[in-house]
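2 protein chains.
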Amino acid sequence: MEKLATGEKVLVQPQVVRLFDEENPLRLSCGEELSPVDVTFETYGALSPQRDNAVLAVHALTGSAHAAFWHSPEDREPGWWHGLIGPDKALDPARHFILCANLLGSRYGTTGPTSRNPRTGRIYGPDFPAVTVRDMARVQKALLDYLEIPRLQAVIGGSLGAMVVWRLAVDYPDLAETVVPIAGDIAASAWVIALNEVARQAIYLDPHWNELAGPNRLPVSGPGLKLARMIAMISYRSEISFQNRFGRERMPGVPANGGGDSPHFQVESYLHHQGDKLVARFDPFTYITLTRAMDEHDVARGYGSPEAALSRIAAQVAVIGIDTDRLFFAHELRATVARLQKLGVRASYGELRSPHGHDAFLMEFGQLNRLVREILER
Amino acid sequence: MEKLATGEKVLVQPQVVRLFDEENPLRLSCGEELSPVDVTFETYGALSPQRDNAVLAVHALTGSAHAAFWHSPEDREPGWWHGLIGPDKALDPARHFILCANLLGSRYGTTGPTSRNPRTGRIYGPDFPAVTVRDMARVQKALLDYLEIPRLQAVIGGSLGAMVVWRLAVDYPDLAETVVPIAGDIAASAWVIALNEVARQAIYLDPHWNELAGPNRLPVSGPGLKLARMIAMISYRSEISFQNRFGRERMPGVPANGGGDSPHFQVESYLHHQGDKLVARFDPFTYITLTRAMDEHDVARGYGSPEAALSRIAAQVAVIGIDTDRLFFAHELRATVARLQKLGVRASYGELRSPHGHDAFLMEFGQLNRLVREILER
Numbered sequence: 001m002e003k004l005a006t007g008e009k010v011l012v013q014p015q016v017v018r019l020f021d022e023e024n025p026l027r028l029s030c031g032e033e034l035s036p037v038d039v040t041f042e043t044y045g046a047l048s049p050q051r052d053n054a055v056l057a058v059h060a061l062t063g064s065a066h067a068a069f070w071h072s073p074e075d076r077e078p079g080w081w082h083g084l085i086g087p088d089k090a091l092d093p094a095r096h097f098i099l100c101a102n103l104l105g106s107r108y109g110t111t112g113p114t115s116r117n118p119r120t121g122r123i124y125g126p127d128f129p130a131v132t133v134r135d136m137a138r139v140q141k142a143l144l145d146y147l148e149i150p151r152l153q154a155v156i157g158g159s160l161g162a163m164v165v166w167r168l169a170v171d172y173p174d175l176a177e178t179v180v181p182i183a184g185d186i187a188a189s190a191w192v193i194a195l196n197e198v199a200r201q202a203i204y205l206d207p208h209w210n211e212l213a214g215p216n217r218l219p220v221s222g223p224g225l226k227l228a229r230m231i232a233m234i235s236y237r238s239e240i241s242f243q244n245r246f247g248r249e250r251m252p253g254v255p256a257n258g259g260g261d262s263p264h265f266q267v268e269s270y271l272h273h274q275g276d277k278l279v280a281r282f283d284p285f286t287y288i289t290l291t292r293a294m295d296e297h298d299v300a301r302g303y304g305s306p307e308a309a310l311s312r313i314a315a316q317v318a319v320i321g322i323d324t325d326r327l328f329f330a331h332e333l334r335a336t337v338a339r340l341q342k343l344g345v346r347a348s349y350g351e352l353r354s355p356h357g358h359d360a361f362l363m364e365f366g367q368l369n370r371l372v373r374e375i376l377e378r
Numbered sequence: 001m002e003k004l005a006t007g008e009k010v011l012v013q014p015q016v017v018r019l020f021d022e023e024n025p026l027r028l029s030c031g032e033e034l035s036p037v038d039v040t041f042e043t044y045g046a047l048s049p050q051r052d053n054a055v056l057a058v059h060a061l062t063g064s065a066h067a068a069f070w071h072s073p074e075d076r077e078p079g080w081w082h083g084l085i086g087p088d089k090a091l092d093p094a095r096h097f098i099l100c101a102n103l104l105g106s107r108y109g110t111t112g113p114t115s116r117n118p119r120t121g122r123i124y125g126p127d128f129p130a131v132t133v134r135d136m137a138r139v140q141k142a143l144l145d146y147l148e149i150p151r152l153q154a155v156i157g158g159s160l161g162a163m164v165v166w167r168l169a170v171d172y173p174d175l176a177e178t179v180v181p182i183a184g185d186i187a188a189s190a191w192v193i194a195l196n197e198v199a200r201q202a203i204y205l206d207p208h209w210n211e212l213a214g215p216n217r218l219p220v221s222g223p224g225l226k227l228a229r230m231i232a233m234i235s236y237r238s239e240i241s242f243q244n245r246f247g248r249e250r251m252p253g254v255p256a257n258g259g260g261d262s263p264h265f266q267v268e269s270y271l272h273h274q275g276d277k278l279v280a281r282f283d284p285f286t287y288i289t290l291t292r293a294m295d296e297h298d299v300a301r302g303y304g305s306p307e308a309a310l311s312r313i314a315a316q317v318a319v320i321g322i323d324t325d326r327l328f329f330a331h332e333l334r335a336t337v338a339r340l341q342k343l344g345v346r347a348s349y350g351e352l353r354s355p356h357g358h359d360a361f362l363m364e365f366g367q368l369n370r371l372v373r374e375i376l377e378r
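Chains G and Z supply the protein sequences, listed in that same order.
Counting in this note's numbering, the first sequence runs from 1 upward without gaps.
Counting in this note's numbering, the second sequence runs from 1 upward without gaps.
In case anyone wonders, no lab produced these hints; they're calculated from the structure.
Keep in mind that the hints are not guaranteed to be accurate.
Any copy, or any two copies together, can satisfy a pair, since identical chains are not distinguished.
25 Å max Cα-Cα, derived SDA-like pairs, lysine to any residue [stated by the list, open to error]:
| # | residue 1 | residue 2 |
| --- | --- | --- |
| 1 | Lys-277 | Tyr-204 |
| 2 | Lys-342 | Gln-243 |
| 3 | Lys-342 | Asn-53 |
| 4 | Lys-342 | Arg-248 |
| 5 | Lys-89 | Ala-280 |
| 6 | Lys-9 | His-82 |
| 7 | Lys-89 | Tyr-349 |
| 8 | Lys-342 | Ser-262 |
| 9 | Lys-277 | Arg-353 |
| 10 | Lys-277 | His-71 |
| 11 | Lys-277 | Pro-207 |
| 12 | Lys-89 | Ser-115 |
| 13 | Lys-342 | Ser-269 |
| 14 | Lys-9 | Arg-217 |
| 15 | Lys-89 | Ala-300 |
| 16 | Lys-141 | Ser-35 |
| 17 | Lys-277 | Gly-121 |
| 18 | Lys-342 | Phe-365 |
These numbers were taken from a predicted model, which means no experiment stands behind them.
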C-alpha cells in the first residue's frame with residue numbers, strides 16, 4: 001500500500017504489470033491467444049517475512065481493483081469493499097497483505113474489450129475473444145506468481161468474484177488456506193444465465209450498441225446498456241428492500257392514474273438513475289464479455305464432473321449466502337455446501353441476514369466483518 | 001355455454017356486448033370518457049333459477065375471455081384455465097355458471113389500444129387513455145349488471161386477475177360471497193413496478209415500437225415487446241423450475257467457451273421462444289396500457305388508506321399464494337391476510353407448493369382444484 005494520509009483519507013495507488021506478452025501469450029479457454037495482458041491491482045498492508053498473510057479479494061461484475069481507501073483527496077467514495085478492508089476491520093492492513101486485481105476482460109486497467117488490440121491499433125470492441133472465469137483465475141494466479149506469493153491465507157469475493165474464488169480453489173488446490181465465496185455458486189444457474197441473457201438482449205436492441213465513437217474509437221454506451229443495468233439491478237436487490245425504501249412513493253408532478261412514458265414511481269426513477277450511472281462508467285462490450293464469462297462458469301468444466309472438480313479442493317471452504325438473495329439463492333448455496341461435505345471437503349455455510357438481497361455483500365458490513373473475522377480465526 | 005361437442009372437444013363461442021356508448025360513456029379514473037366500450041366474454045354452464053351459482057374468473061396480463069374448452073375442433077390448446085374449469089373440476093359447468101370477460105384495455109375483443117377510435121377512424125395506439133384496475137373492475141361489474149347477475153358465488157383470478165378480484169371486493173362489497181385472489185396483492189409492490197418498468201423500457205428501446213403498420217394501421221410488435229416478455233417470463237417462473245427444466249443444458253452446435261450473440265444455453269433459447277410467441281399474438285400498446293394499470297393498482301386509492309378500503313370487504317377472502325412466487329412473494333400475501341384478519345375481515349391463506357413460481361396458478365391444477373373446491377364448500 002503506497003499510502004499518503006491527507007486529513008482522514010488514506011490514499012492508495014493502483015499498479016499495473018504486464019503478465020503475458022507476445023513471447024508468453026495467455027492461452028485462453030476458447031483456444032485463442034491473448035497478448036499483451038496487463039493487470040491493474042492494488043495492495044493494502046505489507047507481506048509478512050513468512051509471506052503467509054496475503055488475502056486476495058476478488059471483485060464483482062462491474063468492479064475494479066480499487067477495493068479500499070481513496071485514490072485522491074477529492075474522491076467522494078472509497079473503494080468498493082472499504083467496509084471490510086481497513087484498520088480494525090476483518091481484513092486489516094496492519095495484519096494482512098490484501099490484494100485486489102481487476103479481472104481479465106474488465107475495463108479498469110486490465111486487458112479487456114476496451115483495450116487496444118496491438119494487431120489493429122484500435123480497441124478490441126466486439127473482437128475481444130471470449131474469456132472464462134477459469135481464464136480470470138489463471139491471470140489472478142499469474143499475478144500472485146509475479147508477486148512471489150506462493151500461498152494465500154484466504155481468497156474472498158462476491159458474485160462473479162465468488163465464481164473466481166471457486167475456480168481458484170479447484171484449479172489451484174494448494175493456493176489458499178481458506179476460500180470464501182460469497183453470494184456466488186460453483187456454476188451459473190439457469191436463472192443467472194436467463195437474467196444475463198435479457199441484459200445482453202437489451203444491449204443488442206440499442207441500435208448503436210456496437211458503434212465506436214470519437215478519435216479513440218471508444219464504445220458508445222447508451223440506452224441498451226442502461227436497460228441492461230436496470231434489469232440487473234432488480235436482481236441485485238430484493239422485493240423487501242424495494243418496498244422498504246420506495247414502497248409506492250410517486251414521482252412529484254405525475255398525476256395518479258396518468259399516462260405518459262416518464263417514471264410514475266420512485267422505484268422506476270431509482271432504476272433509471274442506476275442505469276445512467278453505469279452508462280457513465282462502463283461499456284456494452286465489457287458487459288457482454290463478463291456476463292458471458294459468468295454464464296460459462298462451471299467448476300466441472302475440465303474435470304468431467306462437479307464431483308471430480310470439487311474433490312480437488314484442499315482449502316477450508318466458508319460459503320456465505322444472503323437470506324434474501326434473488327440471484328444466487330441461499331438454498332442453492334446451502335445445497336453446494338452439503339455437496340462438498342458429502343465429498344469430505346471442509347465446508348461451512350454462513351448467512352447474511354439482510355433485506356438488501358444480493359448486494360448485501362456490499363452493504364451489510366457489520367455482519368460481514370463478524371463472519372469473515374470468525375472464518376479467518378478458525 | 002353454446003356448446004357443440006365434436007369428438008372429445010367441447011366447443012364454446014365468445015359473445016360481445018356494448019356496455020358503454022356515446023350516450024353512456026365510461027368515465028375512467030383518469031378523468032377521460034371512453035366510448036364505445038365493447039366487452040367480449042365467455043360463459044360455461046347455466047345460471048340457476050335462483051341466480052346464485054355464478055362464478056367470475058378474471059384473466060392475467062396477456063390473457064383473454066377464453067378460459068376453458070375450445071373455439072374450434074382445430075384448436076390445439078383449450079382456454080387458459082381449462083385445468084380448473086370443466087366437468088368434475090372445482091369450477092364445474094354442471095353446477096356453476098362460470099363467466100370470464102376480456103379486461104378493459106386488453107386486445108381480445110374488449111375495447112383497448114388496438115380498438116378503432118371512432119373519433120379518428122384509426123386504432124387508438126398510444127392515444128388510448130390510461131385505464132386502471134378500478135376501471136377494469138367497473139366494466140366487469142357492468143357486464144354482471146347487463147347479465148342481471150346481482151350476486152356472485154365467487155370471483156377468482158390470478159396475478160393481474162387477482163388485482164381485479166381485490167378491487168371488486170373493495171368497490172362492490174355486496175357483490176360476491178367469496179373472493180379468491182391468487183398470486184396477486186392489494187397493491188402493486190415496488191418490485192412489481194420495477195419489473196414492469198424494465199419491460200416497458202425494452203419496448204421503448206425498439207426504434208419501431210410505436211409505428212402502426214399496414215392499411216389497418218395495426219401495431220408493429222417487434223424485438224422490444226419480445227424482450228419485455230423475456231424479462232417478464234423470468235419473473236413468472238423460478239430459479240428452481242429453470243434449474244429443473246434446463247439446468248446448464250447447452251444449445252447444440254455452440255462451442256463451450258465460445259462467443260457469438262446467439263443463445264449458448266437452452267434456457268436462453270426458451271426465453272427467446274416465449275418472447276417470439278407473445279409477439280405473434282400481442283402488441284406493445286396493450287402491454288404498456290396493462291402494465292401501467294397493474295402499477296397503479298392500490299385498493300387504498302379512493303378510500304384514503306388501505307385500512308379504510310379493506311374494511312369495506314364483506315366477502316369471505318381466500319387468498320392463494322405460491323411458495324416459489326418471485327413476483328408476488330408468499331410472505332407478502334400472508335402479511336395481507338394477517339392485515340385483513342386484524343381488521344375483522346374473514347380471510348384465509350392457502351398455498352400452492354410448486355417449483356414453478358408465479359405461473360403455478362396456470363399449472364398446478366391438482367392442488368388448485370383441491371384448494372378452490374374446499375374454499376367454495378365453506
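*Of the hints given before, which are not true for this structure?*
3, 5, 8, 9, 12, 13, 14, 15, 17, 18
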